[in-house]
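S.K.: These are the residues of each chain, in order.
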Amino acid sequence: MDYRDSAEEAEYRAGLRAWLEENVQSGYEHAASQQERAAIARTWHRKLYEGGYIGQSWPVEWGGKGLSPAMDAILNEETGNFNAPPLPGTAGYIGRALQMYGTDPQRTRFLPATISGDIQWCQGFSEPSAGSDLAALRTRAVRDGDEYIVNGHKMWTSGGQYADWCLLLARTDPDVPKHKGITAFLVDMKTPGITVSPIVLADGSPETSEVFWEDVRVPADQRLGDEGEGWRIAMTTVSYERGPSDIGFISTYRKSLAELEEAAAKKGLTSSAEVRARLARAYVLGEVLRLNVLQQLSLRISGRPPGEEGSVSKQLWTHCEQELQHLALDLFGAEAVTGQRPDYLHRYFMSRPISVYGGSSQIQKNIIAQRVLGMPRK
Amino acid sequence: MDYRDSAEEAEYRAGLRAWLEENVQSGYEHAASQQERAAIARTWHRKLYEGGYIGQSWPVEWGGKGLSPAMDAILNEETGNFNAPPLPGTAGYIGRALQMYGTDPQRTRFLPATISGDIQWCQGFSEPSAGSDLAALRTRAVRDGDEYIVNGHKMWTSGGQYADWCLLLARTDPDVPKHKGITAFLVDMKTPGITVSPIVLADGSPETSEVFWEDVRVPADQRLGDEGEGWRIAMTTVSYERGPSDIGFISTYRKSLAELEEAAAKKGLTSSAEVRARLARAYVLGEVLRLNVLQQLSLRISGRPPGEEGSVSKQLWTHCEQELQHLALDLFGAEAVTGQRPDYLHRYFMSRPISVYGGSSQIQKNIIAQRVLGMPRK
Amino acid sequence: MYALLNEEQLALKEAVDSLATTVGVANPIDLESREPVQGWDRLRQMGLLDLRRRDQGSPAAGGVEVMIVAQSLAAGLVPLPFVPTAVLATELLSLAGASESCLDEAVGTGSKYGLLLRPDLTALSFAADWPDSLVWGGADTRFVLALDSSGDDVRLVRYELSAPLSNNLSVDLTQGLWLTPTATNEVVGDPISGAQLQAWTALALSTIGADLVGIMRYALQGAIAYSRDRVAYGQPIGTFQAIQHLAAETHVTIEAAYGAVCYAAWCVDELDPDDALQAARTAKAYCAAVARTATENVMQIYGGIGQTWEHPAHFYTRRALLGTQLFGDESTQLAEIARTRLGGI
Amino acid sequence: MYALLNEEQLALKEAVDSLATTVGVANPIDLESREPVQGWDRLRQMGLLDLRRRDQGSPAAGGVEVMIVAQSLAAGLVPLPFVPTAVLATELLSLAGASESCLDEAVGTGSKYGLLLRPDLTALSFAADWPDSLVWGGADTRFVLALDSSGDDVRLVRYELSAPLSNNLSVDLTQGLWLTPTATNEVVGDPISGAQLQAWTALALSTIGADLVGIMRYALQGAIAYSRDRVAYGQPIGTFQAIQHLAAETHVTIEAAYGAVCYAAWCVDELDPDDALQAARTAKAYCAAVARTATENVMQIYGGIGQTWEHPAHFYTRRALLGTQLFGDESTQLAEIARTRLGGI
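Protein sequences, first through last, are from chains U, D, X and G. Heads up, the first sequence is in my numbering, so the first residue is 1 and it goes up one at a time. Heads up, the second sequence is in my numbering, so the first residue is 379 and it goes up one at a time. Heads up, the third sequence is in my numbering, so the first residue is 757 and it goes up one at a time. Heads up, the fourth sequence is in my numbering, so the first residue is 1102 and it goes up one at a time.
Next up, chain U with everything else stripped away, as it sits in the complex:
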């Protein structure tokens, strides 16, 4: 057990900091529109690529550097510390899917462009009637010669409006058990028949999108993996969504807490023992999450694939952020409800879906009980 950087890690961190000092992209946080944010993110992706910071933990043969997952965590942490835009997470996990399940031509075609940021990906998984129960998805892909014809309706396709390509899950065989009839595809978002429409969240900001698929023709060589292998591909992909990248959340959290402490002090609230205790508790929860994530990361470093214990981090993350936003409302409730602090209201509403997306809190508890604690299923 050693929480310090190893020599290698320290060297990497120093190099990264020097690079960030020169190259960090600003303006993301205060961008006027989602479109502007997407443009900044794309530029930032390219810069990171030029700096050698995209796909750094991928194998060398696929354009990576084979670095330890620890370096990904440091990258997350330091870009957070430097107030950089978020790291392009989709590149990371869709790259994994391509490496593990792609054909050689697919890898050659997509991996370089994914690393460089020339292709921005979105994820076409969830549907109106397939959320927590993702395997119930209904979008159909029917083979027609050298193509598949896709019809369906996807929800919660983050960045759908700005993505170039989509990793799509569709049902190719309705006659087998639901997990076995799903296939993954790589689809150009400019293909005719695809319509993207924004989903506006409860606080009024357009944050994600729904995508309608109408007779969309997808060449068969853009199928990822075999027919029926889609579920396994999706599960692998999703597992790489969690884990060390949470560290990106942790630096955001630290900043939010520091801002809240400052705002509370300015309002004269930090003379109240109750407020002090609640702010200190928010600090404790953040630390507890950080230290749990470090343990998860250590498992990854020691070669274990991301597992169900990630559900524990997800629960802690949810609790952490939702509690922080509750605290902000409790301290600045009147300001928040009278339009003086729209930022608190925005963050509050943004904190609510954390217990829904990426597996709801209820699903996470099922996973912990049954797969981590080994409790019996009915």
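Hints were generated in silico from the structure; no laboratory data involved. Take the hints with a grain of salt, since some may be wrong.
Claimed, not checked - Straight line, CA to CA, 25 Å or less: simulated SDA-like cross-link-like pairs of lysine to any residue:
no., chain 1, residue 1, chain 2, residue 2
1, D, Lys645, G, Ile1446
2, U, Lys178, U, Ala136
3, U, Lys266, D, Ser650
4, U, Lys65, U, Leu299
5, U, Lys190, U, Pro112
6, X, Lys769, X, Val781
7, D, Lys644, U, Glu274
8, U, Lys267, X, Ala1091
9, D, Lys556, G, Pro1337
10, U, Lys267, G, Arg1442
11, D, Lys556, G, Thr1340
12, D, Lys425, D, Arg474
No experiment lies behind these values; they were computed from the predicted model shown.
With chain U fixed as given, assemble chains D, X and G onto it according to the hints.
M.R.: Below, chains D, X and G alone, put in the same frame as chain U:
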């Protein structure tokens, strides 16, 4: 809607207060042993009987006065206010069972003695492997001529050591669905083959008992209701356990809170805004429970039998008492763990089983979801 | 003792429930199509605007009736200022013995009277603080009531706005909170006593509590209905124990809040102002403590769809957030309750 | 960066886990049959008593090893004063540079050294407060360590008891807290600096945190095993989502507490005392916040049987109650953390 006593209620209350002024039995709370407490309770039962306060809401034909359930609530409240020993609850609900399901000879034999306190009852329902799932009970009663032979093991038989008679549930038919094979019996606790042994609770105090039944011969005319009717009898009985009698809890709660406020003030804690808020919250929870119970009581007054909404009161009661004891430990934790305040430790441990007995909190939530809110079963 | 609605009160509830379905909001699009003046007229036709006018010194209807109406209108997300205008402004004018014509105006065509609130929403504002205060009322507010304590007595002050309100700042899409525009003011009626203000605050707290109970109850009903239809893993999500228990826990807090609000509402006209205020603070403390969680639980049961603008779930959350703050959140109420039970610090 | 136990540390854990099953307590009856001197000998044979003795100025083992041992011994409900005697008394003697013979005695036959705690258990007590303080240690305690600040420096004081301890007041049936008997005292070793005391407090907090994690984890394991066997409504209760979620929620808090305790334990010997103390307070704050609830949840899963004296569930609850208080509960830690982050009031 009117929270004031009606003219009738006010008159009853005034008479009761005058009677209590003269007759209230003291010493229960600080009795040296459980045995002494049982003796005091028996004397108190007799006094109440002489005052006309036992079975007052029973029909006149069964020795009652046909008073409104509101009077039972007032009785509970005022005896609580006068620091009297608890009211003999078993007499009330076992009396109901006798009235509703007893034969005429049974009623004649048992009702007067139950009212007068000559018979103290206990309840032989739960078993080691039949707690929440009471209908899974295994104690067998096998017909043998004019008798039944009972074998089994009952748990959580409160007052088993001091009771004269027992309302017993036993399985008479193992070959029908579990709810249908249960029969109720009235059993003299002096019958050979019955052994009572104390159950010591987590804080070290003997609070209840387990009862072993070994070839206990019960005359067939002591069967209550028909064979197989035991489950229905038990459910009716249990439903009368809740409800207005909770008001007895409410006066106890008020006293506990007042004592805690005083102790906190003495220790100088009431200058802390946090402690003040927590004490005030405890007051709010107590009021909220009281007002909910009054609504439940009003349903009873308007003639509705006790229903599933009682589960809401049970949840509030549990929350109220467990939170109060948490607060006591949070304020006086060091005193409690170093033997300076054994009373807080005792009350804390006594507060834990509230979420287990009389239907665990999990069972109550099932009832609320399925029977009150009408949510679907699988 | 009878802690439930009587026949008449049940009939009132049923009538207002039914009205609320026609003038209330079911989704964001309704907000644009609802015509406030017409809705207000519907309330007047049912006599709901006159509840707190005095007839030979007594209010036309008690706190309990006000509670019933506020609860049902909130449940239906009725975007009309029933609470600030028809209940609280009318009550203030009645307490000050304002002229009948003034009262007629308050409940006339359009909701013309608003209240001046402190920027932290914890109390009525004083005239001197006009520029920093907020107006709680409908878009057609023409007069705003505030207090003035510059003399020996506390007096009611009426502002007449020189232009319509603009700049609605409210988080709640069905209730308005506005920046103060330019206005002229005059004293109205007689001095208001401390006891009268206590009683008025008790009415305010219990009515806002009723509003919160209304939205919580109706929001949960919707989520339960949804849980019967929405299928996951081959069965309605309402069959899962996790969803059942979340709904049950929420129901427990709502029923508890309802009991406390009933008592507080009854106390308004039946007990001394300080006892009524204690009951009202108790109810408001509890409602404020549970309302946000209740509406969050509802959003959770709805899952993803409950997080979107197009779904009405957030309407309830927003109204819960505002109601929690109006006249003080849980911690404000607890501090006051502690003062009465434990003395000052 | 590697936040998990390495091979050696895993081996140590396994060895102590195994020891704990033989010297620990599985039910109340064991308490009478356990022979403390023999148990203590077993710890010594495994070298667990010397962890904090110094070898050329460095402790024989780091905070992480202490954490591992404390956690496993607590999990096994080992009724021996490992924490106060083998860890904290030894550490105090080492910090003060006490003589080797004194240290030999501390870890010799029987657990001879106890600590003097303030009556509220939040800190070591000062000699002047002897009569009102409590002794934390085993029944065979002969020497009690306290501090003295009557001179210019803080000094370590050793009391020699004139009679064996009696009057165990502890709620925890596996750890002793005793009234102070008559005793004579003398100063031991060199003055102790503020930084040394900070580091010592960090060790105390992280070790008590480890103790709490140990009992929580083991208590939950037991309840889960029970839930597999216990049948209600025709199926193991562990199949019910309500029970699964209760266990899952508890597991989350235990894993979270474990992560915080690991870091705090590592910091003890690796960071500056003030940073180590902040990490330790963080871990203790979290452990204290969740330990009671975790053990209550365990009692709840056990149902009726978990409420009885004969069942060991209450052992965990009792140890959680004591551990929560030792060196300050959550609110004590939060107040200190707030001081470092927000400044004084």
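S.K.: Hey, lysine 556 of chain D versus proline 1337 of chain G, does the alpha-carbon distance stay inside 25 Å?
M.R.: 17 Å, holds
S.K.: Against the 25 Å threshold, does the CA-CA distance of lysine 178 of chain U and alanine 136 of chain U hold or violate the hint?
M.R.: Since the Cα atoms of lysine 178 of chain U and alanine 136 of chain U sit roughly 6 Å apart, the hinted pair holds (cutoff 25 Å).
S.K.: Regarding the pair lysine 267 of chain U and alanine 1091 of chain X, is the alpha-carbon distance no greater than 25 Å?
M.R.: Distance of about 19 Å is within 25 Å: holds.
S.K.: Lysine 644 of chain D and glutamate 274 of chain U were given as a pair; does the straight-line alpha-carbon distance stay at or below 25 Å?
M.R.: Answer holds: lysine 644 of chain D to glutamate 274 of chain U is near 21 Å, not above 25 Å.
S.K.: Measure nothing beyond the straight line between the CA atoms of lysine 267 of chain U and arginine 1442 of chain G; if it is 25 Å or shorter, mark the hint as holding.
M.R.: 16 Å, holds
S.K.: Does proline 112 of chain U lie within 25 Å of lysine 190 of chain U when you go C-alpha to C-alpha?
M.R.: Measuring from Cα to Cα gives roughly 20 Å; hence the hint holds.
S.K.: For lysine 266 of chain U and serine 650 of chain D, compute the direct alpha-carbon distance and say whether it is at most 25 Å.
M.R.: 22 Å, holds
S.K.: Taking 25 Å as the top limit, are the C-alpha atoms of lysine 425 of chain D and arginine 474 of chain D close enough?
M.R.: Between lysine 425 of chain D and arginine 474 of chain D the Cα gap is close to 21 Å, so the pair holds against 25 Å.
S.K.: Hint check: lysine 769 of chain X vs valine 781 of chain X, CA-CA at most 25 Å. Holds or violated?
M.R.: Holds, because 18 Å separates the two Cα atoms, which is no more than 25 Å.
S.K.: Straight-line Cα separation of lysine 65 of chain U and leucine 299 of chain U no greater than 25 Å?
M.R.: Satisfied, since the Cα-Cα distance of roughly 20 Å is no more than 25 Å.
S.K.: Given the hinted pair lysine 645 of chain D and isoleucine 1446 of chain G, is their alpha-carbon gap at most 25 Å?
M.R.: Holds, because 22 Å separates the two Cα atoms, which is no more than 25 Å.
S.K.: Next pair to validate is lysine 556 of chain D with threonine 1340 of chain G; report whether the Cα-Cα distance is within 25 Å.
M.R.: Within the cut-off at roughly 21 Å; holds.
The structure shown violates none of the earlier numbered hints.
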